[in-house]
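Quick note, the sequences are listed as chains A and B, same order. Oh and the first sequence: position 53 is 931 in our numbering, straight run, nothing missing. Oh and the second sequence: position 376 is 1254 in our numbering, straight run, nothing missing.
Among the hints, erroneous ones may be present.
Which copy? The list can't say, so a pair holds if one copy fits it or any two copies do.
Said to hold, decoys possible - Taking lysine-lysine and the BS3-like style, the derived pairs with C-alpha atoms no more than 30 Å apart in a straight line are:
#	residue 1	residue 2
1	Lys1250	Lys1002
2	Lys1216	Lys921
3	Lys1006	Lys895
4	Lys909	Lys889
5	Lys1003	Lys1250
6	Lys895	Lys1141
For the record, the hints were derived by calculation from the structure and aren't laboratory data.
2 protein chains.
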Amino acid sequence: MQNFVFHNPTKILFGKKTVPSIGKETAALGKKVLLVHGKDSIKKSGLYQQVLLSLAAAGTEITEHGGVQSNPLLSHVNLGIEKARENCCDVVCAVGGGSVIDEAKAICAGATVMHDVWKFFTGKKSVKAPLPLTTVLTLAASGSEMNSGMVITNEQTAQKFGFANKQLHPKTSILDPTLTCSVPADYTAYGAVDAVAHVLEFYFTTTDPHTPVQDRLMEGLMINAMESCNRVLAAPNDYRSRADLMWTATLALNGLTAAGLGKVGFPMHMIEHSLSALYNVPHGAGLSAVIPGWMRFHLVHQTDRFAQFAQRVFDIREGSATEQAEAGIRSLTSWFEKVSVPTNLTALDISAAEFEKIAENADTLARVWRMKDYDSEKILLILNNCTAFNSD
Amino acid sequence: MQNFVFHNPTKILFGKKTVPSIGKETAALGKKVLLVHGKDSIKKSGLYQQVLLSLAAAGTEITEHGGVQSNPLLSHVNLGIEKARENCCDVVCAVGGGSVIDEAKAICAGATVMHDVWKFFTGKKSVKAPLPLTTVLTLAASGSEMNSGMVITNEQTAQKFGFANKQLHPKTSILDPTLTCSVPADYTAYGAVDAVAHVLEFYFTTTDPHTPVQDRLMEGLMINAMESCNRVLAAPNDYRSRADLMWTATLALNGLTAAGLGKVGFPMHMIEHSLSALYNVPHGAGLSAVIPGWMRFHLVHQTDRFAQFAQRVFDIREGSATEQAEAGIRSLTSWFEKVSVPTNLTALDISAAEFEKIAENADTLARVWRMKDYDSEKILLILNNCTAFNSD
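Generate coordinates for the entire structure from the input sequences, incorporating the hints supplied.
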């Protein structure tokens, strides 16, 4: 186990009927609220009205910042920062999925500094005294509700970059699984893929060969992400399954899985971010299209680890380590097919003619994230491995 | 999954060479430190000197409160409270195992109120504005370093009672596994038993029949507690195994396993606390003497759950659910024997003539902890089940 600091101060209120606490939780941090949200779905569901009521009852003044889109844009972040400044907001409340929470975090960081917020994303500036944040989560996926990271797309440079800072942990996040019952099948599956991907990234990029405590935690989370997603797709209104998927996705990227692993990377996310930036594909779909190809590429370097993954996550016990490892990748790809997400780039209508552009774009992020073992040439090899994968 | 609040703000600094941070972490909270510790072992190891140096370098004034014993005593807590008040201490730093940290928490709570500190333990008073706490952990066992609970023995009433309050989370805990390398085999095993017991209690007392996320987490922690303990006993100075055991014990009772389980109980700890209070047996030894008997008693009510435990923790796959469940209990008892901890009360020299007294004592705690499904009669039945258990 490598040395680590673990400090996750986010308070989670989990369960039915927790939304009415948002007013009190937010008002404890500030009285002038920037309310960040996305599309109109929260108005149709009544969540928006419920949050407004709770915030008003707690005596706060509200400035609205709606219209956040998935793969949130830098220009819209800047608009939010302006509103927060103009209205002297002293707290931000995000109501939505990972995109809304990510944009809200960027606004929290940007509202208290005078320089361009993008400088945080390119590593040129450090966060100082950001606004505090509360959240009401509506999608089980990104884990942003209990971590300090965010991802924003700069549409001028076509870059989807992310960064994290410990001051950007939400103070309180409200997780009511009933809010996710209306999420359609495709986005439910994309969310589960995202949670699985967060675990896979760390599981296969740790350079510490001995991490048994973290391994069991990660394996359990992957099993639960897949099993609960299967149950949700079979019965979309089943509270228990929605709750399992929601809590699993939160735990999958709240710092606990990574604690002790040493330096870990996000190679699959790195490539996916370029797909989102260039073609605006849903994040989970981009991930599932890249994962099988990346795993097959990476397999030879870590056969025993892939075999452990196969044994523990898919109960594969027959065959050599290599055979088990390959069976594990096939099993994961089968699960992607089962939940109807793409398993290769062809399924996303991205042809080989695009690969050089994607590799160059991803390489820029590899430099920012200091992933020294990746360059555009290697990324190109991986992309060529992602063309026609399925579980056969 | 049941509704829950999860909020664990303790900062963990884990790994080699982390002890020198204790001064800075403590001084950030206060300048007049009550330094709580136990026996002279930390002076022999040099840890004491290292902590003093770090606290002094950070510009703090130190008041010493040494001599905390295992199963810490209320009279000694009161002594610490007096010292903290007399010296206007504004922060407490605990250096030791769970007993030292538990006593330090009680001092933190008691130093800022004028009433008897025992009233917190009997549920008659609530904690208000306690002193902040930092810790340096020397034993992998209780989890006190990352939770808000504590257990103290009132020697006048022969009661070993515990309570928890969210304000009593340590602010920072330093976990350097090398500090545990000198822990002898018996106390290493007692610590691992304690960690396993913390998980078992919740695993078998949750009344929610559907907790798959928490189940995998708990099963993984039990496997790691046993496996890392085995490795430590085979090679006491192996850093990796000490680190695995230390982090496992912390995760076993930091709120995460319980989040979502609804109301859980501590029936095995309840009985063990009476053994410690009446006979001063080591906590882990009392637990391992009670666990097999309690499990055998409880088996009929939850056969499928015991079968799942057997399947996932001990890889038992043959036989009926009842046969698997029984095999699981035998496997755990075998592990107790392997690490040389008692598996029944006879091994602790506690005869059946004592059982009524123990049952009455435990019943008092059952009332305080509001465990309505336990009374002295039922406890007596369980004790009679704990007389001569082994793995045969």
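A quick look at each hint next to the structure:
no. : hint              : verdict
1   : Lys1250 / Lys1002 : within (19 Å within a copy, 59 Å between copies)
2   : Lys1216 / Lys921  : neither (32 Å within a copy, 61 Å between copies)
3   : Lys1006 / Lys895  : between (34 Å within a copy, 28 Å between copies)
4   : Lys909 / Lys889   : both (19 Å within a copy, 28 Å between copies)
5   : Lys1003 / Lys1250 : within (21 Å within a copy, 57 Å between copies)
6   : Lys895 / Lys1141  : between (39 Å within a copy, 18 Å between copies)
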